[in-house]
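**Student:** Read off the chains here:
There are 2 protein chains.
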Amino acid sequence: MDLEIGLLGCGTVGAGVVSLVRRRADKVAQMTGLRPTIKSILVRDLDKERGVVFDHERLTSRPEDVLQDDGIQIVIETIGGIEPAKTYILEALRRNKHVVTANKDLIAAHGPEILRVAEENHVSVLFEAAVGGAIPLVGPLKENLTANEVTDLKGIINGTTNFILSEMTSRLIDFEEALTMAQELGYAEADPSSDVDGLDAARKLVILSSIAFQTEVHLTDVRVEGIRHVRAKDVRYADELGYVIKLLAVGRDHGGELTLSVRPTLIPKVHPLAHVSDAYNALYVRGDAAGDLMFFGRGAGSMPTASAVVGDVIALVRNLKLGYVASSPQGTLSVKPVVDREDERYKYYVRLLAHDQPGVFARVAQLFGEAHASMETVLQKRVQSGCAEIVIVTHDISSAKSRYLVDQLQKLPQLHSVECVMPVEPVTE
Amino acid sequence: MDLEIGLLGCGTVGAGVVSLVRRRADKVAQMTGLRPTIKSILVRDLDKERGVVFDHERLTSRPEDVLQDDGIQIVIETIGGIEPAKTYILEALRRNKHVVTANKDLIAAHGPEILRVAEENHVSVLFEAAVGGAIPLVGPLKENLTANEVTDLKGIINGTTNFILSEMTSRLIDFEEALTMAQELGYAEADPSSDVDGLDAARKLVILSSIAFQTEVHLTDVRVEGIRHVRAKDVRYADELGYVIKLLAVGRDHGGELTLSVRPTLIPKVHPLAHVSDAYNALYVRGDAAGDLMFFGRGAGSMPTASAVVGDVIALVRNLKLGYVASSPQGTLSVKPVVDREDERYKYYVRLLAHDQPGVFARVAQLFGEAHASMETVLQKRVQSGCAEIVIVTHDISSAKSRYLVDQLQKLPQLHSVECVMPVEPVTE
Numbered sequence: 001m002d003l004e005i006g007l008l009g010c011g012t013v014g015a016g017v018v019s020l021v022r023r024r025a026d027k028v029a030q031m032t033g034l035r036p037t038i039k040s041i042l043v044r045d046l047d048k049e050r051g052v053v054f055d056h057e058r059l060t061s062r063p064e065d066v067l068q069d070d071g072i073q074i075v076i077e078t079i080g081g082i083e084p085a086k087t088y089i090l091e092a093l094r095r096n097k098h099v100v101t102a103n104k105d106l107i108a109a110h111g112p113e114i115l116r117v118a119e120e121n122h123v124s125v126l127f128e129a130a131v132g133g134a135i136p137l138v139g140p141l142k143e144n145l146t147a148n149e150v151t152d153l154k155g156i157i158n159g160t161t162n163f164i165l166s167e168m169t170s171r172l173i174d175f176e177e178a179l180t181m182a183q184e185l186g187y188a189e190a191d192p193s194s195d196v197d198g199l200d201a202a203r204k205l206v207i208l209s210s211i212a213f214q215t216e217v218h219l220t221d222v223r224v225e226g227i228r229h230v231r232a233k234d235v236r237y238a239d240e241l242g243y244v245i246k247l248l249a250v251g252r253d254h255g256g257e258l259t260l261s262v263r264p265t266l267i268p269k270v271h272p273l274a275h276v277s278d279a280y281n282a283l284y285v286r287g288d289a290a291g292d293l294m295f296f297g298r299g300a301g302s303m304p305t306a307s308a309v310v311g312d313v314i315a316l317v318r319n320l321k322l323g324y325v326a327s328s329p330q331g332t333l334s335v336k337p338v339v340d341r342e343d344e345r346y347k348y349y350v351r352l353l354a355h356d357q358p359g360v361f362a363r364v365a366q367l368f369g370e371a372h373a374s375m376e377t378v379l380q381k382r383v384q385s386g387c388a389e390i391v392i393v394t395h396d397i398s399s400a401k402s403r404y405l406v407d408q409l410q411k412l413p414q415l416h417s418v419e420c421v422m423p424v425e426p427v428t429e
Numbered sequence: 001m002d003l004e005i006g007l008l009g010c011g012t013v014g015a016g017v018v019s020l021v022r023r024r025a026d027k028v029a030q031m032t033g034l035r036p037t038i039k040s041i042l043v044r045d046l047d048k049e050r051g052v053v054f055d056h057e058r059l060t061s062r063p064e065d066v067l068q069d070d071g072i073q074i075v076i077e078t079i080g081g082i083e084p085a086k087t088y089i090l091e092a093l094r095r096n097k098h099v100v101t102a103n104k105d106l107i108a109a110h111g112p113e114i115l116r117v118a119e120e121n122h123v124s125v126l127f128e129a130a131v132g133g134a135i136p137l138v139g140p141l142k143e144n145l146t147a148n149e150v151t152d153l154k155g156i157i158n159g160t161t162n163f164i165l166s167e168m169t170s171r172l173i174d175f176e177e178a179l180t181m182a183q184e185l186g187y188a189e190a191d192p193s194s195d196v197d198g199l200d201a202a203r204k205l206v207i208l209s210s211i212a213f214q215t216e217v218h219l220t221d222v223r224v225e226g227i228r229h230v231r232a233k234d235v236r237y238a239d240e241l242g243y244v245i246k247l248l249a250v251g252r253d254h255g256g257e258l259t260l261s262v263r264p265t266l267i268p269k270v271h272p273l274a275h276v277s278d279a280y281n282a283l284y285v286r287g288d289a290a291g292d293l294m295f296f297g298r299g300a301g302s303m304p305t306a307s308a309v310v311g312d313v314i315a316l317v318r319n320l321k322l323g324y325v326a327s328s329p330q331g332t333l334s335v336k337p338v339v340d341r342e343d344e345r346y347k348y349y350v351r352l353l354a355h356d357q358p359g360v361f362a363r364v365a366q367l368f369g370e371a372h373a374s375m376e377t378v379l380q381k382r383v384q385s386g387c388a389e390i391v392i393v394t395h396d397i398s399s400a401k402s403r404y405l406v407d408q409l410q411k412l413p414q415l416h417s418v419e420c421v422m423p424v425e426p427v428t429e
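Residue numbers (my numbering), protein chains in the order written: chain R, 1 to 429; chain S, 1 to 429.
Do not take every clue at face value.
Below, computed lysine-lysine pairings styled on DSS-like, alpha-carbon distance capped at 30 Å [claimed, not checked]:
#: 1; chain 1: R; residue 1: Lys142; chain 2: S; residue 2: Lys27
#: 2; chain 1: R; residue 1: Lys347; chain 2: S; residue 2: Lys269
#: 3; chain 1: R; residue 1: Lys39; chain 2: S; residue 2: Lys142
#: 4; chain 1: R; residue 1: Lys381; chain 2: R; residue 2: Lys401
#: 5; chain 1: R; residue 1: Lys321; chain 2: S; residue 2: Lys321
#: 6; chain 1: S; residue 1: Lys321; chain 2: S; residue 2: Lys347
#: 7; chain 1: R; residue 1: Lys269; chain 2: S; residue 2: Lys321
#: 8; chain 1: R; residue 1: Lys27; chain 2: S; residue 2: Lys336
#: 9; chain 1: S; residue 1: Lys321; chain 2: S; residue 2: Lys142
#: 10; chain 1: S; residue 1: Lys347; chain 2: R; residue 2: Lys142
#: 11; chain 1: S; residue 1: Lys233; chain 2: S; residue 2: Lys401
#: 12; chain 1: S; residue 1: Lys269; chain 2: S; residue 2: Lys401
#: 13; chain 1: R; residue 1: Lys321; chain 2: S; residue 2: Lys336
#: 14; chain 1: S; residue 1: Lys321; chain 2: R; residue 2: Lys336
#: 15; chain 1: S; residue 1: Lys269; chain 2: R; residue 2: Lys233
#: 16; chain 1: R; residue 1: Lys86; chain 2: R; residue 2: Lys142
#: 17; chain 1: R; residue 1: Lys269; chain 2: S; residue 2: Lys269
#: 18; chain 1: S; residue 1: Lys269; chain 2: R; residue 2: Lys321
#: 19; chain 1: R; residue 1: Lys336; chain 2: R; residue 2: Lys86
#: 20; chain 1: S; residue 1: Lys142; chain 2: R; residue 2: Lys27
#: 21; chain 1: S; residue 1: Lys269; chain 2: R; residue 2: Lys142
#: 22; chain 1: R; residue 1: Lys269; chain 2: S; residue 2: Lys27
#: 23; chain 1: R; residue 1: Lys142; chain 2: S; residue 2: Lys142
#: 24; chain 1: S; residue 1: Lys27; chain 2: R; residue 2: Lys336
#: 25; chain 1: R; residue 1: Lys269; chain 2: R; residue 2: Lys336
#: 26; chain 1: S; residue 1: Lys269; chain 2: S; residue 2: Lys86
These are computed hints drawn from the structure, not numbers from a lab.
The task is simple: from the sequences and hints, build the whole structure.
**Tutor:** Dropping the structure here:
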């Protein structure tokens with residue numbers, strides 16, 4: 001028996017979904033007795049050449065052909081962005097269709113509302129593909145790790161910035177050059193700001209944190225810093241000191257209070273996350289029973305994303321076959337405030353540009369001493385045009401103290417500028 | 001409302017389960033409306049001190065107190081081994097109780113029978129804890145990655161041997177010494193053969209391969225080689241050549257024909273699996289849509305294993321709440337023969353002990369040349385008591401050719417012995 005699917009959007013991900021559904025239809029039919037078939041595909045431009053679409057998949061530019069077709073039981077949304085995706089998804093749910101989406105922007109911004117409408121209509125919304133591409137993250141957090149209180153999430157969850165930082169590391173080129181490369185290779189968009197300014201990673205962190213910490217968090221809760229100010233020299237100094245720089249998304253539950261951040265961070269080379277390069281993503285999870293776990297794989301791309309979308313579709317088909325239609329509860333168990341904890345302790349990497357005068361370094365050291373902030377490593381670097389570069393890695397200090405130090409350093413007349421400040425991730429036990 | 005659970009066995013894992021169920025009971029009640037409680041615990045010795053067990057959990061030495069109690073809906077088995085675990089589990093299933101087990105020996109040997117009985121009785125058997133401890137592996141392979149044809153599984157799935165090899169690597173000690181350390185620390189049993197001879201890893205590979213390749217495989221299908229013959233010098237030479245030695249479990253689907261092996265293997269230091277040390281486990285999965293994925297975490301221990309067991313219990317509680325009781329189909333889709341493919345190509349590490357005579361190396365090189373097997377690297381090593389050591393890494397050759405070469409080398413009068421032959425894992429793309 002056919003199980004009819006409607007597809008919204010037929011771009012990179014949508015085309016992957018069309019070909020993967022077709023490739024796996026026999027297997028799913030053998031497993032469940034139901035054969036998934038894509039019946040209608042909503043596209044903007046009916047005349048555009050789409051090598052992937054066959055005759056029996058009807059292209060339409062009218063959303064109602066998908067959303068109001070009573071034969072369609074599952075709607076897959078691959079349009080992306082907030083509107084019209086949100087309106088379409090809500091209508092599909094209200095018409096008792098299950099929804100599978102890869103839309104991280106929408107789930108990050110309106111996840112709770114969408115899940116509530118799904119529950120009211122006794123259907124499911126699945127969105128494994130919205131975070132981490134092919135890597136199963138939503139499933140394990142929502143199903144397999146429920147016996148844990150998750151205390152820590154640490155992820156490299158944006159492929160574009162990871163590619164740029166990997167290229168900066170391996171080729172010792174600056175940000176702009178690496179960005180241009182990423183754009184030429186199709187890893188970065190013409191307007192790269194959502195990726196390089198950390199917003200894309202922040203959206204994924206919102207989704208993961210909501211599930212892992214079983215609470216509701218919002219994009220505005222995340223302290224976000226992008227990678228535009230990371231220079232090739234920072235990458236080089238980090239390397240000398242035994243670190244690599246990654247855009248790290250961190251969510252922590254400090255006994256009921258959350259901290260959420262996306263920041264370029266120095267990762268020790270012995271840390272498993274240090275080896276996640278190019279377009280790969282990884283998520284580190286710490287649970288009170290499970291201990292440390294890591295999930296690693298392709299975070300984007302047509303087929304990896306389709307793998308997650310069609311995985312969700314197959315889960316739905318199995319459930320429909322078993323007569324199990326209700327949505328699994330989202331699991332918002334408690335309100336956990338997101339705070340800026342002044343006492344969260346990190347080592348910090350600090351790069352200073354100083355006027356090349358006698359006694360500059362003594363003055364900097366004195367300032368650290370007065371603040372009771374000890375230095376773990378100091379590099380004094382090549383001097384050019386009357387300036388000297390000082391790189392310091394501190395011992396663990398609170399974030400309050402790190403801010404105080406930067407304030408004080410900026411006031412020193414002997415310093416030209418505080419060029420770069422980044423937290424340093426500890427070595428895992 | 002209480003959901004009553006019976007526990008079979010209260011050793012290391014059982015005790016972890018008792019305390020974790022208790023720790024999460026409120027949360028599960030909040031999520032599902034059902035509060036999991038352990039009602040009865042089957043133990044051999046009623047008088048043994050068990051700090052973890054409270055008054056309201058009834059200890060019994062009579063299996064029928066658990067298996068024939070109609071109030072108990074879920075039975076957790078943590079006894080281990082084949083009997084009496086198998087008899088108890090089958091009885092529980094026939095009495096329509098769901099079963100959660102951590103028993104890899106049993107699932108590897110009798111998984112298909114147990115799953116069939118579960119299906120006949122419309123109940124579920126879940127066994128996430130049987131492979132990889134806390135790491136979600138069964139769940140992702142069975143649920144999230146179903147849109148893929150899995151072609152490759154590569155795993156470090158035995159903590160004992162990984163600890164021993166890690167100690168041999170970091171301390172440059174020999175196998176026996178590292179084994180003694182592992183035994184003293186409780187990482188290896190008094191009789192370590194099931195771990196060090198590779199059988200434990202082979203059983204887990206059987207379970208993972210059955211799920212990933214959706215077919216039935218057996219322990220006798222796996223080509224198993226343990227780590228007893230790996231010497232400290234092999235670890236050192238591997239290090240010099242840019243590799244670490246790991247006991248690697250490999251399952252491959254060559255278009256419908258499987259190869260399954262557990263062997264000590266040289267892993268390039270740049271490979272993500274090279275960084276899996278001590279008691280950690282990891283599984284690498286390649287799917288045709290997802291590409292390469294890796295799952296990493298604690299492979300054993302009381303709480304990590306309990307994390308997986310209680311995760312399965314919570315999944316069952318949710319399903320019971322939603323009125324969804326049928327077992328998810330196992331998914332044996334086709335019979336895939338397990339073969340010994342003569343044409344499977346690997347690089348090989350070969351360590352030879354030669355008599356210290358002129359022309360020995362020339363004769364070895366000639367033999368490789370005649371077999372059209374080229375050498376990628378050669379180390380000629382310190383000579384002692386009239387012997388010289390030759391270490392060769394070949395280019396890719398078929399397994400047939402590797403066997404032919406070893407045969408020929410053993411016949412050379414100039415050689416004392418072929419000391420060690422191990423495959424070399426390629427760098428992943």
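**Student:** Decide if the proposed pair is consistent with the structure: Lys347 of chain R and Lys269 of chain S, CA atoms, cutoff 30 Å inclusive.
**Tutor:** Distance ~28 Å between Lys347 of chain R and Lys269 of chain S Cα, so the pair holds.
**Student:** Is Lys269 of chain R close enough to Lys269 of chain S, meaning Cα to Cα at most 30 Å?
**Tutor:** Holds, at about 12 Å.
**Student:** Quick one, are Lys321 of chain R and Lys336 of chain S close enough, alpha carbons at most 30 Å?
**Tutor:** holds (26 Å)
**Student:** For Lys321 of chain S and Lys142 of chain S, compute the direct alpha-carbon distance and say whether it is at most 30 Å.
**Tutor:** holds (22 Å)
**Student:** Is it true that the CA of Lys321 of chain S sits at most 30 Å from the CA of Lys347 of chain S?
**Tutor:** Distance ~53 Å between Lys321 of chain S and Lys347 of chain S Cα, so the pair is violated.
**Student:** Decide if the proposed pair is consistent with the structure: Lys269 of chain R and Lys336 of chain R, CA atoms, cutoff 30 Å inclusive.
**Tutor:** Judged against 30 Å, a Cα distance of about 33 Å means the pair is violated.
**Student:** Within a Cα-Cα threshold of 30 Å, do Lys269 of chain S and Lys321 of chain R meet the stated pairing?
**Tutor:** Measuring from Cα to Cα gives roughly 46 Å; hence the hint is violated.
**Student:** Has the given pair, Lys269 of chain R with Lys27 of chain S, been kept, meaning a C-alpha gap of at most 30 Å?
**Tutor:** violated (38 Å)
**Student:** So if I understand the rule, the pair passes when the alpha-carbon distance is 30 Å or less; does Lys381 of chain R with Lys401 of chain R pass?
**Tutor:** Given pair Lys381 of chain R, Lys401 of chain R holds - Cα atoms ~25 Å apart, limit 30 Å.
**Student:** Does Lys27 of chain S lie within 30 Å of Lys142 of chain R when you go C-alpha to C-alpha?
**Tutor:** OK: Lys142 of chain R and Lys27 of chain S at ~14 Å, within 30 Å.
**Student:** Can the restraint linking Lys27 of chain S and Lys336 of chain R be considered satisfied, given a maximum Cα separation of 30 Å?
**Tutor:** Since the Cα atoms of Lys27 of chain S and Lys336 of chain R sit roughly 15 Å apart, the hinted pair holds (cutoff 30 Å).
**Student:** Are the Cα atoms of Lys233 of chain S and Lys401 of chain S separated by 30 Å or less?
**Tutor:** With Cα atoms ~25 Å apart, Lys233 of chain S and Lys401 of chain S stay inside 30 Å; holds.
In terms of the numbered hints stated before, the structure departs from hints 6, 7, 10, 18, 21, 22, 25, 26, listed from lowest to highest.
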